[in-house]
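Residues per chain are reported as follows:
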Amino acid sequence: MEREFLPKIVSFLCKWCSYTGADLAGINRLQYPTSILPIKVMCSSRVDPVFVIKAYLRGADGVLIGGCHPGDCHYQDGNYHTRRRVAILKRVFELLGLEEGRIRLSWISASEGPKFARVCNEFTEVIKSLGENTTKTTIFL
Amino acid sequence: MGEKIGIYICECGPNIANKVYIDKIIEKISSIEAYKNKELVIKNHKLLCSIDGKKFLEEEIKQNEFTHLVIAACSPKDHESTFINICKKTHLNPYLFRIVNIREQCAWIISDRDEATEKAIQYIRGSINRVSYQSPLEEKKLDSNPDVLVIGGGIAGIETALSLASKKRKVYLIEKTSKLGGKSAKFRKLLPRQNCNTDVIQKKLLDVEENNHIQIFKETELEKAIGFFGNFEVILKNVKDNNLKTELRVGAIIVASGFKQLNTSELPKYEYTQDDDVYTSLEIEEMCSQNGKVLLKSGEEPRSIALIHCVGREEKGYCSQICCNYMLKIAQYLEQQSSDIKIKEFYRDLCLPNKDDQFFLENLQNSAIDFIRIKDIEIKGNKIKYIGTDDTKKEIEVDMLILAPAMEAEDGATELAELLNIQLDETGFFQEAHQKLNPIATSTDGIFIVGAARGPSGISESILQAQAVGGEILTQLIPGEKIVPEVKVSEVLEALCKGCQTCLNVCTYGAIYFDEDRGISVVNEAICRGCGNCMGSCPSGAIRSKHFTNPQLYQEMVEALR
Ligand SMILES: Cc1cc2nc3c(=O)[nH]c(=O)nc-3n(C[C@H](O)[C@H](O)[C@H](O)COP(=O)(O)OP(=O)(O)OC[C@H]3O[C@@H](n4cnc5c(N)ncnc54)[C@H](O)[C@@H]3O)c2cc1C
Ligand code: SF4
Ligand code: SF4
Ligand code: SF4
Ligand code: FES
Numbered sequence: 010m011e012r013e014f015l016p017k018i019v020s021f022l023c024k025w026c027s028y029t030g031a032d033l034a035g036i037n038r039l040q041y042p043t044s045i046l047p048i049k050v051m052c053s054s055r056v057d058p059v060f061v062i063k064a065y066l067r068g069a070d071g072v073l074i075g076g077c078h079p080g081d082c083h084y085q086d087g088n089y090h091t092r093r094r095v096a097i098l099k100r101v102f103e104l105l106g107l108e109e110g111r112i113r114l115s116w117i118s119a120s121e122g123p124k125f126a127r128v129c130n131e132f133t134e135v136i137k138s139l140g141e142n143t144t145k146t147t148i149f150l
Numbered sequence: 003m004g005e006k007i008g009i010y011i012c013e014c015g016p017n018i019a020n021k022v023y024i025d026k027i028i029e030k031i032s033s034i035e036a037y038k039n040k041e042l043v044i045k046n047h048k049l050l051c052s053i054d055g056k057k058f059l060e061e062e063i064k065q066n067e068f069t070h071l072v073i074a075a076c077s078p079k080d081h082e083s084t085f086i087n088i089c090k091k092t093h094l095n096p097y098l099f100r101i102v103n104i105r106e107q108c109a110w111i112i113s114d115r116d117e118a119t120e121k122a123i124q125y126i127r128g129s130i131n132r133v134s135y136q137s138p139l140e141e142k143k144l145d146s147n148p149d150v151l152v153i154g155g156g157i158a159g160i161e162t163a164l165s166l167a168s169k170k171r172k173v174y175l176i177e178k179t180s181k182l183g184g185k186s187a188k189f190r191k192l193l194p195r196q197n198c199n200t201d202v203i204q205k206k207l208l209d210v211e212e213n214n215h216i217q218i219f220k221e222t223e224l225e226k227a228i229g230f231f232g233n234f235e236v237i238l239k240n241v242k243d244n245n246l247k248t249e250l251r252v253g254a255i256i257v258a259s260g261f262k263q264l265n266t267s268e269l270p271k272y273e274y275t276q277d278d279d280v281y282t283s284l285e286i287e288e289m290c291s292q293n294g295k296v297l298l299k300s301g302e303e304p305r306s307i308a309l310i311h312c313v314g315r316e317e318k319g320y321c322s323q324i325c326c327n328y329m330l331k332i333a334q335y336l337e338q339q340s341s342d343i344k345i346k347e348f349y350r351d352l353c354l355p356n357k358d359d360q361f362f363l364e365n366l367q368n369s370a371i372d373f374i375r376i377k378d379i380e381i382k383g384n385k386i387k388y389i390g391t392d393d394t395k396k397e398i399e400v401d402m403l404i405l406a407p408a409m410e411a412e413d414g415a416t417e418l419a420e421l422l423n424i425q426l427d428e429t430g431f432f433q434e435a436h437q438k439l440n441p442i443a444t445s446t447d448g449i450f451i452v453g454a455a456r457g458p459s460g461i462s463e464s465i466l467q468a469q470a471v472g473g474e475i476l477t478q479l480i481p482g483e484k485i486v487p488e489v490k491v492s493e494v495l496e497a498l499c500k501g502c503q504t505c506l507n508v509c510t511y512g513a514i515y516f517d518e519d520r521g522i523s524v525v526n527e528a529i530c531r532g533c534g535n536c537m538g539s540c541p542s543g544a545i546r547s548k549h550f551t552n553p554q555l556y557q558e559m560v561e562a563l564r
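Just so you know, the protein sequences line up as chains A and B, in that order.
All residue numbers for the first sequence refer to this note's numbering, where the first residue is 10 and numbers rise by one.
All residue numbers for the second sequence refer to this note's numbering, where the first residue is 3 and numbers rise by one.
It is possible that some hints are incorrect.
Distance condition first, Cα-Cα at most 30 Å in a straight line; then the derived DSBU-like pairs of lysine-lysine [said to hold, decoys possible]:
id, chain 1, residue 1, chain 2, residue 2
1, B, Lys-344, A, Lys-63
2, A, Lys-24, B, Lys-299
3, A, Lys-49, B, Lys-79
4, B, Lys-271, A, Lys-49
5, B, Lys-295, A, Lys-49
6, B, Lys-191, A, Lys-24
7, A, Lys-49, B, Lys-40
8, A, Lys-49, B, Lys-169
9, B, Lys-178, A, Lys-49
10, B, Lys-6, A, Lys-24
11, B, Lys-377, A, Lys-49
12, B, Lys-79, A, Lys-124
13, A, Lys-49, B, Lys-56
14, A, Lys-24, B, Lys-438
15, A, Lys-49, B, Lys-48
16, B, Lys-143, A, Lys-49
17, A, Lys-145, B, Lys-30
18, A, Lys-49, B, Lys-395
19, A, Lys-49, B, Lys-64
20, B, Lys-490, A, Lys-63
21, A, Lys-49, B, Lys-247
22, A, Lys-24, B, Lys-484
23, B, Lys-90, B, Lys-57
24, A, Lys-99, B, Lys-40
25, B, Lys-45, A, Lys-24
26, B, Lys-30, A, Lys-49
27, A, Lys-24, B, Lys-56
28, B, Lys-318, A, Lys-24
29, B, Lys-45, A, Lys-63
30, B, Lys-142, A, Lys-24
Derived from the structure by calculation, the hints contain no laboratory data.
Produce the complete structure using the sequences and hints provided.
Next up, the structure:
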């Protein structure tokens, strides 16, 4: 029998909000799929678009970027920069004929454990419906 | 030198032990081919953060002389610092240690024990990979200057200076006018209960002038400020004689530049000239404290007066918070002046948030003052057209009008913000580091904001903030104590930088400057907070955020993508 497809989702979480939100999801014993691989960064603005593309080309089925809500970034306006960069990145994905739906930016505060779990569950379902990312074997850079 | 990595898995009592198979983790990690060139020591412990656990860990690190350390336990929020402190007691640089969160983000979110075990292995592998790519970072200790510069000699600046001087801290207080006290020195009486008159303010003015820890510079402004928390170099200039300059070194700077009232000529609905008997609230306060009473330009006593709240509130988009309060105060001056004056108070909403306010209002409501709630209002000279809450339009004429214009940031706030590299928010007042969590700090370490400079506030709030800042500085900037700036900062790689200066524009802290000679951007490590925004922005990949480098994150990531 074929094993159910379990996506690989690289999740960049800012230390101050979304990483703490993820901790809270754990403290509340909320369940979400093992598809999520959290990578802590100081601020969501640290995530450079090239690195996201790299993750994608290496075979990540999805990339989640978690930051503080607008206005709440620990570094004032980092997440506004993130928002702009992710918007551009999505455009680049479209232009290259890649699926921009595999990238997701979410604002998750330190107190939003349930939201973190929900985003993980939802995004995993979205990626499941898109299927495996095959660029790893079809695109060479 | 070969790598020797210590890997310690904490059971956290039953918290982790009952959720994953620790023996399976150890077995799996020990048998991974890819690690054959590294020497690994893998052990588990019941409770690493306990006294026993910490002792055990310290001895293990010393005995084994690890080059790197990985601890799989709880969230870094809980005990990363505990384990960093243990590293510091040994030879191991804390930046060669990594904590893996297998509790909150693994054991507690996956009910299937096999799956959780797999996940924990994946996380730990990612960290073993990553830790090999980490570099030791050294904390730098910098000398600091404990002296403080306060900009603005209103009540907020005065109180800050006094609270610092009370602990013998040297304070330089600069005021651009020739008088200390700001607006508060101009009032006839003070809210909330009116029973304290301005003596309390005058007393503070005397205290400041006489305090030998406070050096006052009147008619003085800031010309230049460079540096960072603990080490600012500032130049002051005399406003009358720009060649008269003073250079100072301070450790912290406080902005207490206050507010001004909106210029009503900017508002088309309020049409009047200098000849009309139309005054701002501040003009009335000054008139009252000089003459003891309110008089018309003709010298006669007015028979009818309209007080108009919320002048420019809609246009500015915020409530000035204190005007409803002081308009009631002015109404009371008038009422006490003569029972013959007919007073009409035009308001939209009444903002009376303090615990004494309601009591004060009720007293006035029992008097002859006519409170009229309106939807809109226009004035032309001493004629008023207004729309009531029942949508009826009415017109009246009065002898005198008193306006409560919105509070705005003082003139020069933009220039001051630029000099200090801090921000104004969309209302034009100085912006807090964090509105909720850090409301008196700014985006630059060591620069604080107090009083009406940070937004509409009354005297008691201004004093509260001033005392808070005083406390903050007395605990953060201690004479003789060194300052440890953030270690996990960013750096520009000279060979890759194209000089485009994109990074310069994204850094909120102004930590990056452009080196014209070399044609590259450079990070000032003493100011950088390590957010990594510049790294995310650089189109040439020329920035490296220490401890969050691309190779480091990549090593963590590949584990997920295997
Ligand atoms: C009509 C009226 C009545 C009021 N009545 C009351 C009341 O009864 N009770 C109450 O609690 N509050 C009252 N308030 C509010 C009160 O005025 C403020 O809370 C208070 O003035 C705030 O103090 P501050 O020091 O922050 O600002 P300010 O009083 O504005 O003082 C700022 C000082 O900084 C100086 N300055 C500005 N920029 C610079 C610069 N770049 N360099 C050097 N110096 C600079 C200014 O010259 C000024 O001296 C009233 C306000 C008004 C308008
Ligand atoms: S170190 Fe963390 S995981 Fe270990 S016992 Fe303490 S709290 Fe639990
Ligand atoms: S963005 Fe990059 S290339 Fe441009 S100046 Fe900054 S470091 Fe140099
Ligand atoms: S890491 Fe952040 S604070 Fe440091 S230079 Fe870059 S953008 Fe500025
Ligand atoms: S710190 Fe969370 S987005 Fe900047």
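Results of checking the hints against the structure:
no. : hint                    : in the structure
1   : Lys-344/B with Lys-63/A : violated, 76 Å
2   : Lys-24/A with Lys-299/B : violated, 63 Å
3   : Lys-49/A with Lys-79/B  : holds, 12 Å
4   : Lys-271/B with Lys-49/A : violated, 54 Å
5   : Lys-295/B with Lys-49/A : violated, 65 Å
6   : Lys-191/B with Lys-24/A : violated, 49 Å
7   : Lys-49/A with Lys-40/B  : holds, 25 Å
8   : Lys-49/A with Lys-169/B : violated, 42 Å
9   : Lys-178/B with Lys-49/A : violated, 47 Å
10  : Lys-6/B with Lys-24/A   : holds, 29 Å
11  : Lys-377/B with Lys-49/A : violated, 52 Å
12  : Lys-79/B with Lys-124/A : holds, 20 Å
13  : Lys-49/A with Lys-56/B  : holds, 25 Å
14  : Lys-24/A with Lys-438/B : holds, 18 Å
15  : Lys-49/A with Lys-48/B  : holds, 26 Å
16  : Lys-143/B with Lys-49/A : holds, 27 Å
17  : Lys-145/A with Lys-30/B : holds, 27 Å
18  : Lys-49/A with Lys-395/B : violated, 61 Å
19  : Lys-49/A with Lys-64/B  : holds, 29 Å
20  : Lys-490/B with Lys-63/A : holds, 24 Å
21  : Lys-49/A with Lys-247/B : violated, 48 Å
22  : Lys-24/A with Lys-484/B : holds, 27 Å
23  : Lys-90/B with Lys-57/B  : holds, 13 Å
24  : Lys-99/A with Lys-40/B  : violated, 40 Å
25  : Lys-45/B with Lys-24/A  : holds, 28 Å
26  : Lys-30/B with Lys-49/A  : holds, 25 Å
27  : Lys-24/A with Lys-56/B  : holds, 25 Å
28  : Lys-318/B with Lys-24/A : violated, 36 Å
29  : Lys-45/B with Lys-63/A  : violated, 35 Å
30  : Lys-142/B with Lys-24/A : holds, 23 Å
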